[in-house]
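Chain by chain, the residues run as shown.
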Amino acid sequence: MTNTIAILNTRAPFSHTNAKEALDVALITGTYEIPTSLYFSGDGVWQLINNQKPSELAVKDFLKTFAALEFYDIEEIYVDKPSLEQRGLAANFHIDNVTVLDELSFANSLKQHSIILSF
Amino acid sequence: MAIEFNQQIIETDGQGYLLDHTQWSEELAPILAQTDDLTLTESHWEVIRFVREFYLTYNTSPAIRALTKAMKAEFGEEKASSRYLYRLFPEGPAKQATKYAGLPKPARCI
Amino acid sequence: MTTLHLIRESSSQKDFSTYISLVSTNDSIVLLDDGCYNANSHWLTKLNFKNLYVIERHASARAIPLGDNAKSITSDTLVDLICQHNNSITWN
Amino acid sequence: MKNIALLVTTPPNSHLTKTAYQFALDVLASEHHLIGVFFYQQGVINGGKYISFPSDEVNVQHLWQELNKDHQLSLHLCSTAAEKFGLFPAELVNPETELAEGFSLSGLGELAALINKADKLVQL
Chain A
1 MTNTIAILNT RAPFSHTNAK EALDVALITG TYEIPTSLYF SGDGVWQLIN NQKPSELAVK
61 DFLKTFAALE FYDIEEIYVD KPSLEQRGLA ANFHIDNVTV LDELSFANSL KQHSIILSF
Chain B
1 MAIEFNQQII ETDGQGYLLD HTQWSEELAP ILAQTDDLTL TESHWEVIRF VREFYLTYNT
61 SPAIRALTKA MKAEFGEEKA SSRYLYRLFP EGPAKQATKY AGLPKPARCI
Chain C
1 MTTLHLIRES SSQKDFSTYI SLVSTNDSIV LLDDGCYNAN SHWLTKLNFK NLYVIERHAS
61 ARAIPLGDNA KSITSDTLVD LICQHNNSIT WN
Chain D
1 MKNIALLVTT PPNSHLTKTA YQFALDVLAS EHHLIGVFFY QQGVINGGKY ISFPSDEVNV
61 QHLWQELNKD HQLSLHLCST AAEKFGLFPA ELVNPETELA EGFSLSGLGE LAALINKADK
121 LVQL
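Chains as they are written, first to last, in our numbering: chain A, 1 to 119; chain B, 1 to 110; chain C, 1 to 92; chain D, 1 to 124.
Extracted from the complex, chain A is given alone in its bound form (with noise of 0.2 Å):
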């Protein structure tokens, strides 16, 4: 059986260190070739949210590292539509090749996974 990874974000950007730290699993899993999917609800969906800078509050701008994930292999971008609707949030992210998926589906992706980590 191979082992597939879903990464779980459910925190905002900048406040905790969660949304770099899953990146940095998600490019390691990414290199080496375990089939990695990215999952975003609740404040994670702002990870997504275009025009956000980063450089103004100081920190590094790891967001335009999201543009890079087809490097790795990741392609599975999924956004939960009720998090976004709770907020909202505009499907208008900065990178493209982002599944906006209804709770049902969401959830139902998530679970197909062997390996859920959630940050």
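Each statement offered as a hint is correct.
Pairs of lysine to aspartate or glutamate, EDC-like flavour, derived with a Cα cap of 16 Å:
id : chain 1 : residue 1 : chain 2 : residue 2
1  : A       : Lys64     : B       : Glu53
2  : A       : Lys64     : A       : Asp96
3  : A       : Lys60     : A       : Glu21
4  : B       : Lys105    : D       : Glu83
The set of hints was computed from the structure by calculation and includes no laboratory data.
Mind docking chains B, C and D on chain A? Use the hints.
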């Protein structure tokens, strides 16, 4: 440690990586390579420029696999093989090319 | 496909709304650490969830009374539960 | 029998870390196989050489070390996190000498290797 270059002092870490990547210029690359006894050819330059561009775009230095995948799109299959890259940079293309491109040392993790 | 949900914090410390939608009927929930404080909380009883487990020692250490809604388990049962489910999600 | 790996993200002074330790102990006592513990984020502090506890508190680092000794359980610290938390000077040639005994320094690649080997990865 530090390098003196064009009447400027450029700080590096113990392994020769620049501490501030904005201080880099193309003239600095051969000097950085010299400390590893490496003479840069046009083939090296292709990789160095590519790695630097990758860093400036994505704010991360590519690990070897991402490097080969990204280079494939730009230079084709042959130049994107890790064998080709290791021939150019025997100590590891991700490590060495980033150093001469003035980029931060890739995380110990990778 | 069944998932084991590991809850380690009280819901007043964490926003669980994003995780609750991931729970389906055949899944199981384990309350451990401060997650035990949720045992009698409104949001959990409302879920009326049948596969709800609490690590007994974690609850009794915190003076949390357990009703019939939750099954008390010892810590080693967690290993069995992990193996019986397809995957696990830690409500971080 | 299943291969189980454990991911620990909490520091040694957190009670949550004791729960992770208890889980490790329970796996070792079961029919299953604990293939390794990977310490990530603040979890790496568990391997700090100079942490100390008052003598009337449980020293979870000692507990991890016992598992390493008695069961040859590998205790991997994420090296980048370890550097960020100052477990050793970045320039040190042999940083492992600055870690508490029984812990080893690993890249996230080691986590990927555990993921490849494990039937279950538990995040505690």
